[in-house]
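Based on the provided sequences and hints, a complete structural model is requested.
Quick mapping for you: the protein sequence lines, in order, are chains X and Z. Under my numbering, the first sequence has 145 at position 145, and the numbering climbs by one with no breaks. Under my numbering, the second sequence has 251 at position 251, and the numbering climbs by one with no breaks.
The hints are simulated quantities; they were obtained by calculation from the structure and are not laboratory data. By construction, the Cβ of each residue, glycine as well, lies at the ideal position given by its N, Cα and C atoms. There may be inaccurate statements among the hints.
One side of the interface only, derived from the structure: several residues of chain Z facing chain X at Cβ under 7 Å [what the hints assert, rightly or not]:
hint, residue
1, R74
2, D177
3, D205
4, A206
5, T216
6, L217
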Amino acid sequence: MSGLVATAIARPHLSGAIDLAVSRGEIVGLIGPNGSGKTTLLRALAGLTAGYGTITADGRSLDAMTSAERARHIAYMPSGRRVDWPMRADDIVALSGAGEADVAEALTRVGMQAFASRQVDTLSTGERARVLLARVLAGRADWLLLDEPTANLDPGHELDVLALLRAEATHGAGVLASFHNLTLAEAHCDRCVLMADGRIVAEGAPSTVLTEANLAEVYGIARDGAGWRRNAS
Amino acid sequence: MSAGRLCLILGGLLALVAAASLLVGDVPILSLLKRDPALAHMLIVELRLPRLVLAASAGAALGLCGAALQGLLRNPLASPDILGTSAGAALGAVVSAYFLGLSGTLAMAGGGIAGALIALLLLLALAGRGASSATLILAGVAISALGGAMMNLALALAPSPFAFYDIMFWLLGSFADRNLGHVSVGLPAMLAGSLIVLSAARGLDALALGEDVAATLGHDVRAMRWRIVGGSAVAVGGAVAVAGIIGFVGLIVPHLVRPLVRNRPGPALLPSALGGAALLVAADIVTRFPLNGKTLPVGVVTAMLGAPFFLWLILSRRGMPS
Chain X
1 MSGLVATAIA RPHLSGAIDL AVSRGEIVGL IGPNGSGKTT LLRALAGLTA GYGTITADGR
61 SLDAMTSAER ARHIAYMPSG RRVDWPMRAD DIVALSGAGE ADVAEALTRV GMQAFASRQV
121 DTLSTGERAR VLLARVLAGR ADWLLLDEPT ANLDPGHELD VLALLRAEAT HGAGVLASFH
181 NLTLAEAHCD RCVLMADGRI VAEGAPSTVL TEANLAEVYG IARDGAGWRR NAS
Chain Z
1 MSAGRLCLIL GGLLALVAAA SLLVGDVPIL SLLKRDPALA HMLIVELRLP RLVLAASAGA
61 ALGLCGAALQ GLLRNPLASP DILGTSAGAA LGAVVSAYFL GLSGTLAMAG GGIAGALIAL
121 LLLLALAGRG ASSATLILAG VAISALGGAM MNLALALAPS PFAFYDIMFW LLGSFADRNL
181 GHVSVGLPAM LAGSLIVLSA ARGLDALALG EDVAATLGHD VRAMRWRIVG GSAVAVGGAV
241 AVAGIIGFVG LIVPHLVRPL VRNRPGPALL PSALGGAALL VAADIVTRFP LNGKTLPVGV
301 VTAMLGAPFF LWLILSRRGM PS
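Spelled out as structure tokens, the structure:
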């Protein structure tokens with residue numbers, strides 16, 4: 001069975017067992033309120049919490065892979081942007097195991113080539129986010145699991161990131177990323193997975209997931225022109 | 001600068017201070033070589049060489065373990081003395097040598113390693129994973145205080161005034177009057193511990209992005225943690241058993257070295273070991289110049305250097321998030 005397939009994922013913070021599959025070539029948006037279980041699910045799919053359900057990549061179980069094999073298949077980016085040492089941007093991207101040329105290319109793709117030899121503590125939050133994304137891209141993994149890849153980015157860079165993820169998908173990667181920006185998820189994801197209270201509420205094309213009823217139930221919001229408004233509780 | 005080139009420079013520095021360490025002392029060794037070569041030879045092999053080897057290996061172990069613990073805990077304030085590891089080792093060594101009736105350097109080394117391990121495990125249990133600087137230092141202070149209190153108790157219960165004096169002087173840290181017996185016990189422990197710590201170097205850089213990212217990049221974070229904690233316990237336990245408590249080497253040296261290797265914690269390990277060795281050998285030379293007719297304990301010299309550095313470190317971190 002091709003794709004990244006998670007079966008019967010059970011974790012604290014998740015209610016019941018969750019099944020989820022991501023195919024190559026698609027961007028799947030993981031959406032839901034704070035605390036709905038998005039990060040827990042992403043970490044489980046990244047193989048960080050082994051032993052709670054099965055995860056297979058193109059039919060092979062993650063448990064049967066060496067950690068190096070797993071790293072070639074799956075790249076994970078947490079929502080935190082913390083880097084504990086003032087390392088250089090290119091050294092951070094090189095943590096992916098990529099060679100010098102691939103590191104330079106990844107930095108160019110995120111528009112940070114001029115900052116290659118800068119220490120990350122001298123970069124703005126948005127610039128650091130792009131360096132960390134370059135680390136993920138440089139690894140050329142088959143599946144990218146990204147926790148809020150557009151957090152802390154301005155609208156222009158948000159769109160740039162989605163364009164980069166689209167390029168990865170076009171080249172055969174599968175992308176699962178969590179978003180809080182529903183407009184962005186609706187416009188750029190092939191599928192959306194809506195979570196609430198540790199379970200999947202709806203799954204499918206963005207238009208079938210981001211319905212008035214679902215948004216009202218999960219977020220307590222409704223469409224208001226091009227934006228959103230809070231429902232009266 | 002590449003880590004290899006830095007190692008070459010620090011290795012050269014270590015060779016220089018090592019040569020000085022063999023030559024400098026009460027007895028002018030060069031003129032003695034002409035007058036009585038046999039005596040000079042004996043003096044070098046049985047007195048100066050053990051002292052040099054112990055100072056270099058203890059300095060290397062402390063510098064390396066400081067750098068590795070800083071990398072593992074992702075915290076620039078970590079080091080064996082500040083985290084209470086040295087205090088635990090000292091207590092373990094004293095208890096095994098003076099209270100369990102086990103005599104000899106080997107017993108002290110065994111006790112030192114056990115004490116250091118208990119102190120490190122207690123630290124990890126108290127502070128938990130991904131602890132903030134404040135929590136980690138607080139836990140270290142608590143463990144140091146506990147170790148200090150138990151040590152005072154041990155001193156109060158010392159079997160004899162001589163034992164009291166012995167423990168007191170040993171605690172201050174010194175390489176004076178060490179012989180090949182100390183080397184044969186201390187060196188293997190420090191060497192083995194250091195090699196275990198070095199084997200965890202590869203994943204330390206990735207750990208800068210957090211344990212989750214390091215794990216998804218293919219590093220076994222658990223194994224890394226155990227190697228650094230276990231290896232540090234063996235190396236620091238061995239160092240404390242033969243030399244007493246020598247502070248600040250494990251804190252200062254990684255700080256001086258890391259910027260030279262582009263702030264990467266992994267490549268900082270080996271240079272920190274070489275730098276620690278050079279620093280402690282140099283500090284041991286300083287102790288040979290008597291002050292007021294008395295020789296200084298080497299732990300006092302490193303503390304005089306290290307305490308102001310620690311203060312500067314705290315000041316430079318003011319206003320930074322923990």
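Tested hints:
1. Because the closest C-beta pair between R74 of chain Z and chain X is about 4 Å apart, less than 7 Å, the hint holds.
2. Interface restraint check for D177 of chain Z: the shortest CB-CB distance to chain X comes to about 41 Å, outside 7 Å, so the restraint is violated.
3. At a threshold of 7 Å, the smallest CB-CB gap from D205 of chain Z to chain X is about 6 Å, leaving the interface hint in force.
4. For A206 of chain Z, the shortest C-beta to C-beta distance to chain X is roughly 5 Å, which falls under 7 Å, so the interface hint holds.
5. Checking T216 of chain Z against chain X: minimum C-beta separation of about 4 Å stays under 7 Å; hint holds.
6. The beta carbon of L217 of chain Z comes within 5 Å of a beta carbon in chain X, closer than 7 Å, and the hint placing it at the interface holds.
Violation of the numbered hints given earlier is confined to hint 2; every other hint is satisfied by the structure.
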